[in-house]
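> full-length UniProt numbering puts the first residue of the sequence shown at 1, with every later residue one more than the last.
It should be emphasised that the hints constitute simulated quantities derived from the structure, not laboratory data. One or more hints might be untrue.
EDC-like cross-link-like pairs, simulated, lysine to aspartate or glutamate; straight-line CA separation at most 20 Å [stated by the list, open to error]: (1) K139 / E79; (2) K65 / D163; (3) K63 / E155; (4) K86 / E129; (5) K86 / E99; (6) K65 / D144; (7) K139 / E177; (8) K195 / D92; (9) K139 / D163; (10) K195 / E99; (11) K139 / E129; (12) K65 / E123; (13) K86 / E74; (14) K63 / E129; (15) K65 / E24; (16) K65 / D83; (17) K139 / E49; (18) K63 / E74; (19) K14 / E24; (20) K63 / D127; (21) K63 / E79; (22) K86 / D67; (23) K63 / D92; (24) K86 / D144; (25) K139 / E74.
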Amino acid sequence: MSSPGNTTAKPSAKAAARAQAQRERILVAAQRCFVVHGFHAASMANIAETAGMSAGLIYRYFKGKNDIILAIIERQLEEARADVAKLNTSSDLVGGIAEVFQQWQANDPGITSAALFLELTAEATRDPEIAAATHASDKVFRADLASWFARSAAEGGLGVPQDQVGTRVLILQSLIEGLAMRAISQPDLTVDQVKTALSQFLPSLLTAQA
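Build out the structure end to end from the sequences listed, making use of the hints.
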(Lines of atoms letter the chains of each structure in order from A and count residues from 1; the text may use other names and numbers.)
(Lines give C-alpha, C1' and ligand atoms only; values in the text may rest on other atoms or scores of the structure.)
Protein backbone atom coordinates (compact mmCIF):
# COMPACT_ATOMS: atom_id res chain seq x y z
CA MET A 1 0.00 0.00 0.00
CA SER A 2 1.32 3.43 -0.86
CA SER A 3 2.05 5.75 1.99
CA PRO A 4 0.56 9.28 1.99
CA GLY A 5 4.00 10.63 1.19
CA ASN A 6 4.11 8.71 -2.10
CA THR A 7 0.72 9.89 -3.34
CA THR A 8 1.00 12.03 -6.45
CA ALA A 9 -0.54 15.40 -5.70
CA LYS A 10 -3.11 16.76 -8.11
CA PRO A 11 -2.38 20.16 -9.63
CA SER A 12 -3.70 22.97 -7.48
CA ALA A 13 -6.54 25.15 -8.72
CA LYS A 14 -4.03 27.96 -9.11
CA ALA A 15 -1.72 25.80 -11.26
CA ALA A 16 -4.63 24.60 -13.39
CA ALA A 17 -5.80 28.18 -13.92
CA ARG A 18 -2.29 29.22 -14.90
CA ALA A 19 -2.02 26.35 -17.39
CA GLN A 20 -5.37 27.31 -18.91
CA ALA A 21 -4.26 30.94 -19.18
CA GLN A 22 -1.05 29.84 -20.91
CA ARG A 23 -2.99 27.70 -23.38
CA GLU A 24 -5.31 30.60 -24.13
CA ARG A 25 -2.34 32.93 -24.64
CA ILE A 26 -0.83 30.46 -27.12
CA LEU A 27 -4.12 30.02 -29.01
CA VAL A 28 -4.65 33.78 -29.39
CA ALA A 29 -1.05 34.18 -30.61
CA ALA A 30 -1.49 31.27 -33.01
CA GLN A 31 -4.71 32.71 -34.41
CA ARG A 32 -2.94 36.00 -35.09
CA CYS A 33 -0.02 34.21 -36.79
CA PHE A 34 -2.30 32.00 -38.89
CA VAL A 35 -4.21 35.04 -40.16
CA VAL A 36 -1.03 36.98 -40.97
CA HIS A 37 1.09 34.15 -42.40
CA GLY A 38 -1.35 31.31 -43.17
CA PHE A 39 -1.18 27.88 -41.52
CA HIS A 40 1.76 26.59 -43.54
CA ALA A 41 3.96 29.68 -43.42
CA ALA A 42 3.38 30.31 -39.70
CA SER A 43 6.00 28.55 -37.62
CA MET A 44 6.13 27.54 -33.98
CA ALA A 45 8.84 30.19 -33.65
CA ASN A 46 6.40 32.82 -34.99
CA ILE A 47 3.77 31.71 -32.51
CA ALA A 48 6.27 31.71 -29.63
CA GLU A 49 7.46 35.22 -30.48
CA THR A 50 3.88 36.52 -30.75
CA ALA A 51 2.94 34.87 -27.45
CA GLY A 52 6.06 36.22 -25.77
CA MET A 53 7.27 32.82 -24.62
CA SER A 54 9.78 30.18 -25.66
CA ALA A 55 8.93 27.53 -28.25
CA GLY A 56 9.91 24.94 -25.66
CA LEU A 57 7.18 26.19 -23.33
CA ILE A 58 4.60 25.96 -26.11
CA TYR A 59 5.55 22.32 -26.67
CA ARG A 60 4.62 21.65 -23.05
CA TYR A 61 1.02 22.37 -24.00
CA PHE A 62 0.80 21.41 -27.69
CA LYS A 63 2.60 18.74 -29.73
CA GLY A 64 2.74 20.93 -32.84
CA LYS A 65 0.79 23.19 -35.16
CA ASN A 66 -1.91 20.64 -35.95
CA ASP A 67 -2.53 20.19 -32.24
CA ILE A 68 -2.97 23.97 -31.94
CA ILE A 69 -5.34 24.07 -34.92
CA LEU A 70 -7.45 21.28 -33.41
CA ALA A 71 -7.59 23.19 -30.12
CA ILE A 72 -8.75 26.32 -31.98
CA ILE A 73 -11.53 24.32 -33.64
CA GLU A 74 -12.58 22.94 -30.25
CA ARG A 75 -12.49 26.44 -28.76
CA GLN A 76 -14.62 27.76 -31.63
CA LEU A 77 -17.20 25.06 -31.04
CA GLU A 78 -17.39 25.77 -27.31
CA GLU A 79 -17.98 29.48 -28.00
CA ALA A 80 -20.58 28.77 -30.69
CA ARG A 81 -22.46 26.27 -28.51
CA ALA A 82 -22.49 28.73 -25.61
CA ASP A 83 -24.00 31.36 -27.92
CA VAL A 84 -26.70 28.97 -29.15
CA ALA A 85 -27.50 27.90 -25.58
CA LYS A 86 -28.37 31.52 -24.78
CA LEU A 87 -30.85 31.80 -27.64
CA ASN A 88 -34.55 31.96 -26.90
CA THR A 89 -37.66 33.33 -28.55
CA SER A 90 -36.86 36.89 -27.45
CA SER A 91 -33.20 36.85 -28.53
CA ASP A 92 -32.05 39.78 -30.68
CA LEU A 93 -30.51 37.63 -33.39
CA VAL A 94 -30.21 40.60 -35.76
CA GLY A 95 -28.17 42.54 -33.19
CA GLY A 96 -26.11 39.47 -32.29
CA ILE A 97 -25.13 38.66 -35.88
CA ALA A 98 -24.41 42.34 -36.60
CA GLU A 99 -22.13 42.46 -33.56
CA VAL A 100 -20.21 39.41 -34.78
CA PHE A 101 -19.89 41.03 -38.22
CA GLN A 102 -18.43 44.13 -36.56
CA GLN A 103 -15.90 41.95 -34.70
CA TRP A 104 -14.96 40.26 -37.99
CA GLN A 105 -14.34 43.66 -39.56
CA ALA A 106 -12.15 44.64 -36.60
CA ASN A 107 -10.18 41.39 -37.08
CA ASP A 108 -10.12 40.76 -33.32
CA PRO A 109 -7.51 38.01 -32.72
CA GLY A 110 -9.34 36.93 -29.59
CA ILE A 111 -12.21 35.52 -31.64
CA THR A 112 -12.48 33.44 -34.77
CA SER A 113 -12.00 36.16 -37.37
CA ALA A 114 -13.33 35.93 -40.91
CA ALA A 115 -9.79 35.42 -42.21
CA LEU A 116 -9.18 32.57 -39.76
CA PHE A 117 -12.49 30.96 -40.74
CA LEU A 118 -11.33 30.95 -44.37
CA GLU A 119 -7.92 29.55 -43.36
CA LEU A 120 -9.58 26.72 -41.43
CA THR A 121 -11.91 25.97 -44.33
CA ALA A 122 -9.03 25.86 -46.82
CA GLU A 123 -6.88 23.70 -44.53
CA ALA A 124 -9.75 21.23 -44.15
CA THR A 125 -9.51 20.54 -47.89
CA ARG A 126 -5.85 19.54 -47.52
CA ASP A 127 -5.49 17.85 -44.12
CA PRO A 128 -7.71 14.83 -43.28
CA GLU A 129 -7.28 15.33 -39.52
CA ILE A 130 -8.34 18.97 -39.72
CA ALA A 131 -11.18 18.02 -42.08
CA ALA A 132 -12.49 15.40 -39.65
CA ALA A 133 -12.36 17.83 -36.73
CA THR A 134 -14.05 20.58 -38.75
CA HIS A 135 -16.82 18.29 -39.97
CA ALA A 136 -17.43 16.89 -36.47
CA SER A 137 -17.56 20.40 -34.99
CA ASP A 138 -19.98 21.59 -37.66
CA LYS A 139 -22.22 18.56 -37.08
CA VAL A 140 -22.49 19.32 -33.36
CA PHE A 141 -23.18 23.00 -34.00
CA ARG A 142 -25.87 22.19 -36.59
CA ALA A 143 -27.52 19.83 -34.11
CA ASP A 144 -27.62 22.59 -31.49
CA LEU A 145 -29.18 25.03 -33.97
CA ALA A 146 -31.68 22.38 -35.09
CA SER A 147 -32.68 21.76 -31.48
CA TRP A 148 -33.32 25.48 -30.97
CA PHE A 149 -35.43 25.73 -34.12
CA ALA A 150 -37.45 22.63 -33.22
CA ARG A 151 -38.10 23.27 -29.52
CA SER A 152 -41.43 24.80 -28.60
CA ALA A 153 -41.66 28.47 -27.60
CA ALA A 154 -42.43 27.36 -24.05
CA GLU A 155 -39.05 25.58 -24.01
CA GLY A 156 -37.21 28.61 -25.39
CA GLY A 157 -37.26 27.46 -29.00
CA LEU A 158 -38.97 28.60 -32.19
CA GLY A 159 -41.39 25.72 -32.73
CA VAL A 160 -40.43 25.21 -36.37
CA PRO A 161 -41.96 22.05 -37.92
CA GLN A 162 -39.43 19.24 -38.01
CA ASP A 163 -39.57 18.90 -41.79
CA GLN A 164 -38.42 22.53 -42.14
CA VAL A 165 -35.68 22.54 -39.51
CA GLY A 166 -32.81 21.29 -41.69
CA THR A 167 -33.52 23.86 -44.38
CA ARG A 168 -33.74 26.72 -41.87
CA VAL A 169 -30.43 25.71 -40.26
CA LEU A 170 -28.75 25.56 -43.67
CA ILE A 171 -30.02 29.03 -44.60
CA LEU A 172 -28.95 30.57 -41.28
CA GLN A 173 -25.46 29.05 -41.41
CA SER A 174 -25.02 30.08 -45.04
CA LEU A 175 -26.09 33.60 -44.16
CA ILE A 176 -23.63 33.93 -41.28
CA GLU A 177 -20.75 32.36 -43.20
CA GLY A 178 -21.55 34.59 -46.17
CA LEU A 179 -21.24 37.65 -43.93
CA ALA A 180 -17.76 36.45 -42.95
CA MET A 181 -16.85 36.67 -46.63
CA ARG A 182 -18.50 40.10 -46.90
CA ALA A 183 -16.38 41.37 -43.99
CA ILE A 184 -13.30 40.71 -46.13
CA SER A 185 -14.47 41.41 -49.68
CA GLN A 186 -16.68 44.41 -48.86
CA PRO A 187 -14.83 46.37 -46.14
CA ASP A 188 -16.99 49.48 -46.64
CA LEU A 189 -20.16 47.56 -45.70
CA THR A 190 -21.51 49.13 -42.52
CA VAL A 191 -23.07 47.45 -39.52
CA ASP A 192 -26.24 49.49 -40.06
CA GLN A 193 -26.51 48.13 -43.61
CA VAL A 194 -26.11 44.60 -42.27
CA LYS A 195 -28.79 45.21 -39.63
CA THR A 196 -31.19 46.58 -42.25
CA ALA A 197 -30.69 43.56 -44.50
CA LEU A 198 -31.04 41.10 -41.62
CA SER A 199 -34.16 42.84 -40.30
CA GLN A 200 -35.85 42.34 -43.66
CA PHE A 201 -34.94 38.67 -43.94
CA LEU A 202 -34.52 37.02 -40.55
CA PRO A 203 -38.07 37.37 -39.15
CA SER A 204 -39.48 35.05 -41.82
CA LEU A 205 -36.72 32.52 -41.14
CA LEU A 206 -37.36 32.54 -37.40
CA THR A 207 -41.14 32.24 -37.40
CA ALA A 208 -42.71 28.88 -36.70
CA GLN A 209 -44.35 28.75 -40.12
CA ALA A 210 -42.59 29.57 -43.39
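> If a hint holds in the structure, say so; if it doesn't, say that too.
A quick look at each hint next to the structure:
Proximity of K139 to E79 is assessed by CA-CA distance (about 15 Å); at most 20 Å being required, the pair is judged to hold. At roughly 41 Å between alpha-carbon atoms, K65 and D163 are farther apart than 20 Å, so this suggested pair is violated. Proximity of K63 to E155 is assessed by CA-CA distance (about 43 Å); at most 20 Å being required, the pair is judged violated. Note on K86 and E129: the hinted pairing is violated, with a Cα-Cα distance of about 30 Å set against a maximum of 20 Å.
A hinted pair counts as satisfied when its Cα atoms are at most 20 Å apart, and K86 with E99 qualifies at roughly 15 Å. Taking the CA atoms of K65 and D144, the gap is near 29 Å; set against the 20 Å cutoff, the hint is violated. Between K139 and E177 the alpha-carbon distance is near 15 Å, which keeps this suggested pair within the 20 Å criterion. Our distance criterion of 20 Å between C-alpha atoms is met by K195 and D92, whose separation comes to about 11 Å.
A threshold of 20 Å between alpha carbons decides the hint, and for K139 with D163 the separation of about 18 Å falls inside it, so the pair holds. At roughly 9 Å between alpha-carbon atoms, K195 and E99 fall within 20 Å of each other, so this suggested pair holds. Restraint check: the Cα-Cα separation between K139 and E129 comes to about 15 Å, which is no more than 20 Å; the hinted pair holds. A threshold of 20 Å between alpha carbons decides the hint, and for K65 with E123 the separation of about 12 Å falls inside it, so the pair holds.
For a cut-off of 20 Å, the pair hint linking K86 to E74 stands: about 19 Å separates their Cα positions. Note on K63 and E129: the hinted pairing holds, with a Cα-Cα distance of about 14 Å set against a maximum of 20 Å. For a cut-off of 20 Å, the pair hint linking K65 to E24 stands: about 15 Å separates their Cα positions. As the CA atoms of K65 and D83 are separated by approximately 27 Å, the hinted pair breaks the 20 Å bound.
Distance check on the hinted pair: K139 and E49 sit about 35 Å apart at the alpha-carbon level, beyond 20 Å; violated. Between the alpha carbons of K63 and E74 the distance comes to roughly 16 Å, so the proposed pair stays at or under 20 Å and holds. Using a Cα cut-off of 20 Å, the hinted pair K14 and E24 holds, with the two alpha carbons roughly 15 Å apart. With a C-alpha separation of about 17 Å, the suggested pair K63 and D127 falls inside the 20 Å cut-off, and the hint holds.
For the suggested pair K63 and E79, the alpha carbons sit about 23 Å apart, so the restraint of at most 20 Å is broken. With a C-alpha separation of about 29 Å, the suggested pair K86 and D67 falls outside the 20 Å cut-off, and the hint is violated. As the CA atoms of K63 and D92 are separated by approximately 41 Å, the hinted pair breaks the 20 Å bound. Our distance criterion of 20 Å between C-alpha atoms is met by K86 and D144, whose separation comes to about 11 Å.
A threshold of 20 Å between alpha carbons decides the hint, and for K139 with E74 the separation of about 13 Å falls inside it, so the pair holds.
Of the numbered hints listed earlier, those contradicted by the structure are 2, 3, 4, 6, 16, 17, 21, 22 and 23.
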